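Now for the letters of each chain:
There are 2 protein chains.
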Amino acid sequence: MDEKKLTTQTENFSEWYNQLVLRSEMADYAPVRGCMVVRPYGWALWENIQKAFDERFKATGHVNAAFPLLIPQSFMTKEKEHVEGFAPELAVVTYGGGELLEEPLVVRPTSETIIGTMYSKWIHSYRDLPVLINQWGNVVRWEMRTKLFLRTLEFYWQEGHTAHATAEEAQEETIKILNIYADFARNEAAIPVVAGQKSESEKFAGAKVTYSIEAMMGDTKALQSGTSHNLGQNFAKAFDIKFLDENNQLQYCYTTSWGVSTRIIGAIIMTHGDDQGLVLPPHLAPIQMVIVPIFRKEEEKQAVMEAVNAVVKGLPNVRIKVDDRQGVTPGFKFNDWEMKGVPLRIEIGPKDVQNGTLALARRDIPGRDGKSFQPMQGFETYIPEMLETIQANMLAKATKFRDDHIFDVDNFEDFKDVVENKGWAKVWWSDDAENEAKIKEITKATLRCYAESEGEGICFYSGRKTDKKVYFARAY
Amino acid sequence: MDEKKLTTQTENFSEWYNQLVLRSEMADYAPVRGCMVVRPYGWALWENIQKAFDERFKATGHVNAAFPLLIPQSFMTKEKEHVEGFAPELAVVTYGGGELLEEPLVVRPTSETIIGTMYSKWIHSYRDLPVLINQWGNVVRWEMRTKLFLRTLEFYWQEGHTAHATAEEAQEETIKILNIYADFARNEAAIPVVAGQKSESEKFAGAKVTYSIEAMMGDTKALQSGTSHNLGQNFAKAFDIKFLDENNQLQYCYTTSWGVSTRIIGAIIMTHGDDQGLVLPPHLAPIQMVIVPIFRKEEEKQAVMEAVNAVVKGLPNVRIKVDDRQGVTPGFKFNDWEMKGVPLRIEIGPKDVQNGTLALARRDIPGRDGKSFQPMQGFETYIPEMLETIQANMLAKATKFRDDHIFDVDNFEDFKDVVENKGWAKVWWSDDAENEAKIKEITKATLRCYAESEGEGICFYSGRKTDKKVYFARAY
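Taken in sequence, the protein lines are chains P and W.
Under this note's numbering, think of the first position of the first sequence as 84, with each following residue one higher.
Under this note's numbering, think of the first position of the second sequence as 84, with each following residue one higher.
Chain P on its own, in the form it takes in the complex (with noise of 0.2 Å):
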C-alpha cells in the first residue's frame, strides 16, 4: 500500500475517488483508453452484489441465459428512438477472421435489438408468456470522459429483458423490478435511494415509461443507479414479437427491460467512503472481519495465534481474513484494512489472551468511539450482532446525510443555490422539457426522478400550476 495520505474529501472530491479507487485496489486504468480493470477486490464485491441480486431476480421468477456479443449493425436501426440514443456510442466491427465483413457488427451497447429479435422466433403463443430472463455481461459504450466504475467503455451489468401478454403486467414487472433495486440498495448496500419515473428528456432511448433509483453520493451529486423500463410495444412493433391470444388473436407483446452495473460499486464507495478510505457494508463486504494478531517474541505467537483461530472457526458464516503478513507492522496493517473498507478489525495480542478479551475497532465509526475491548466469551453472538448494527448504522447516517441535503424550494434563485452549492432541490414542477433543457444550461443540474407528492402546488419555475414534484441535481 502506498503510504502517502489520500486526497480529503472536502479537499478534491474527485480526485480523492480516483485516488481511493486505485489504492484500495478495487480497479485500475487498462491500457485501452476509457476501460478498466476490475481488480480481484473490487470483483469479490461485485460477486457480492450479483449474487443478492441474482436471488432477488430468482426468487421472482427470472432466469438467465446469454445472448451475442456482436449485433448486425441494421438491427440497431430498427426502433428509431433506440438508434437516435446510441449511434454515437457504438463501437464497431468491421473485420473478421482478416477479411471485412459484409455487415458490420456492432458490440453491444445493450441488448433490447438481439433479444428482441430471438422473442420474435420463441414466442408464439400465450402460453409463452411471461418471458422473464436476464442477462449477465458486459457491454460497450463509447462514451468520451470516463471515471472508474461510473462510466468506462466496457462495463459489466445484469439486464433484464421481458415480454408480457398485457399492458398492466409489463408496468407491473418494471415497477416489481424498480423495487427490487431499491431494497437492494437499501438493505444490502446501505445506499438509501430515491425511486420514482424519469422525465421524457431522461427515459432510455426507446423506453415508453423509465424509472430509476438516484442515490446522493457525499458530494451530494446524485447518481443515477439502476433503471427499469416500460417498453411498451415500441420493440415489439419493430422486432416482430407477436403472440395468439387465448381468442386466437394475434398481439404484439409488451416488453420491458431493467438494469444494473458496476456503476453501483462507485454508489457504494462515493455514499460510505471516508478520508481514511472504503467502507464497505458488511452485507457487501469481501472481508467482513480482519484479525490481526500481534505478538512480539516467538513464545507469545502459540497463545495468540490459537486464540485467532478460535474466532475464526467459532464465525463460519463471518467472511473473516486473518493478516498475518510478516514485515509490516500493526500500524500499517490498521491503515491498509481501513482503506480496504473492512466493516470490523479485532486485535487479538497476548494481553488479550491473558485477559480473554478482544479488541475491536469498527470501520463505521473512526478513531476512539468506534474501538471497545469485549469479552472473548460469547463473540460468537456479538460480533455477527454488531455486524448488523454497522450495516444499520451506515444506512441511518447515510439517510441522514441525503435528507440534510434535499432542500424544498420555491423559487428559481433559491433552486439555484441548492443545486450549485448545497444539494438536491425538491420542488412543484409542470412538465416542460424547453424549460428542463434551460436549467440544465443554466445550473447543470437535471431532473433527477419524479417525487412522491400529495394536492397540488406551483412549479417554481414556470409558475404554472401542478400536481407532480420532483427531484432537481447535478448528477454524475
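Please keep in mind that the hints were generated in silico from the structure rather than gathered at the bench.
Do not rely on the hints blindly, as some may be mistaken.
Where chains are identical, the list cannot tell them apart; a pair therefore holds if satisfied intra-copy or between any two copies.
As a list, the in silico DSS-like pairs of lysine-lysine whose alpha-carbon atoms are at most 27 Å apart [as the list claims (entries may be wrong)]:
id, residue 1, residue 2
1, K404, K259
2, K87, K325
3, K404, K134
4, K141, K404
5, K134, K396
6, K204, K87
7, K163, K291
8, K325, K416
9, K141, K416
10, K521, K291
11, K548, K291
12, K88, K204
Every value quoted in this text rests on a predicted model; they were computed, and no experiment measured them.
Chain W: place on chain P using the hints.
Below, chain W alone, put in the same frame as chain P:
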C-alpha cells in the same frame, strides 16, 4: 416441444446432436453467423458447471477479476507464436463513437496479452507472488466451421492466469489445474477423461507445454475439453513481467494459463445423450428430479398435490420441478423431460397415494429396467441416494464405453482401421511432427495427448524405439 422423433445417433450422430441442442432448448442459433444464444436451460447447466469449478479454484487460492474485452492490436503481436496462432481468428473493432480508431482494437480471443500487461504493472517483488487470478467471461474467435457449444465465434469460459517466482511452481500450478479439470469431469460431469500432455504441434500458441483433458464422445471421436498451459517465461519476456527476488535480483516471472469453456456442455451432451435426448449428470442437472402429478378428476387432485408437496418439502436440497402444466398429457411431459435429460422422474397418481408408493423412472436406464415402485416412506433418504447411484452409473457406463473403444495397435494398417472405424488408438510413439502431420492428412486422426506408459516400445509409425505412448483419434 416438437413431437417429431430425434434423428437417431446411428442414423447421423452430428445431426442428432444439432437437433438435440435445439429441441432440448439448451441453445439456439444467433442472427450472426456462427454465434449462439445459450437459452435458460443451457445457461442453468453452465451456472452449475461454473459453481463447481469456482469452488475448486477458490479452494486452491485463486481469486476472480475482470480484464477488458478490447485489446490494442499491437499487443497481439508481442509474442511471436501467439500472434501466428491467433491472427487468422481475430474480430477487429475499427470504429468507435463514429470515428476511425488510430489503433484498431481486437476483441479478445484469449487474454494473455492484456493480463500480461497488467501483471507487469502490478508485480514488483517476490512478495507479490504468486498471482493466481481467474476470469469468467466471453471471447471471440473467427471460426469458419461452427457447431453449437463445440465451436462458435463467441463462447463463454474461464481463463486462469498465474505468475510465479520459479519454473517449478509454474509447472506445479499447471498440473494442479489439469487435475482439477479431470476431477471435475469425472466427479461432476461423469466424463472419464484422459488427461495428458499435448504434442508440440497441438500445443497452445505461445505455450512451453500444454496439457489437456480429452473426452470420448458417443461416436468415439475425441473432444478436447479443457487445457492447462505452462507458458514458461515466454509471455513474461514479451510483456516484461519482472520481480525482485529475495536477493534483490530482477527476474522474469513464470506464468501459466488455463481454460474450460461452454464446450464442456457439448461434451456432456455427446458423452451421455441417447436417442431419447439428453442425459444429464445429477450433480450438474438444472433439474435433478421432475414430479408429474397425475389425476383425472378434481376430487383426486387434492390428495395427489398433497403427496407432491410433501415430496418437495422433504427434499430441500434436491432441485425439483413440478410439472403441473394443464392441457398436455403425461406422455407428452415424460417425453419432454426425457428430451431435457432430467435424471429422475416421479409420477404420483391417486393409486400411488392410496398405496403409499411413488412411481420412479431413471433417465440413465431407459425403458422398463429403469422404472420402479418405491414406498413413499423413506423418500428423503433413498431419493438423494438414487441420484448418487445415477451419477455413479453414468460414470461407470461412460468409462466402459471409453475403454471398449481404445485399442492398442502396433502397425499403421490396424491404426487406420481403429481411428477410421472403431475409436481411439493407443500407440508407442517417437515424437516426430512431420509424421504426426502425415498421419493427420491420411487418417484425419490427431495426437490427442501423451498416455502414461512404462518401459519402452517400437513406434507404430516410424519403427523407432521410444518410451512414450500416445492417444490418436479423430476429434471435434
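Hints not upheld, ascending by number: Structure breaks no hint.
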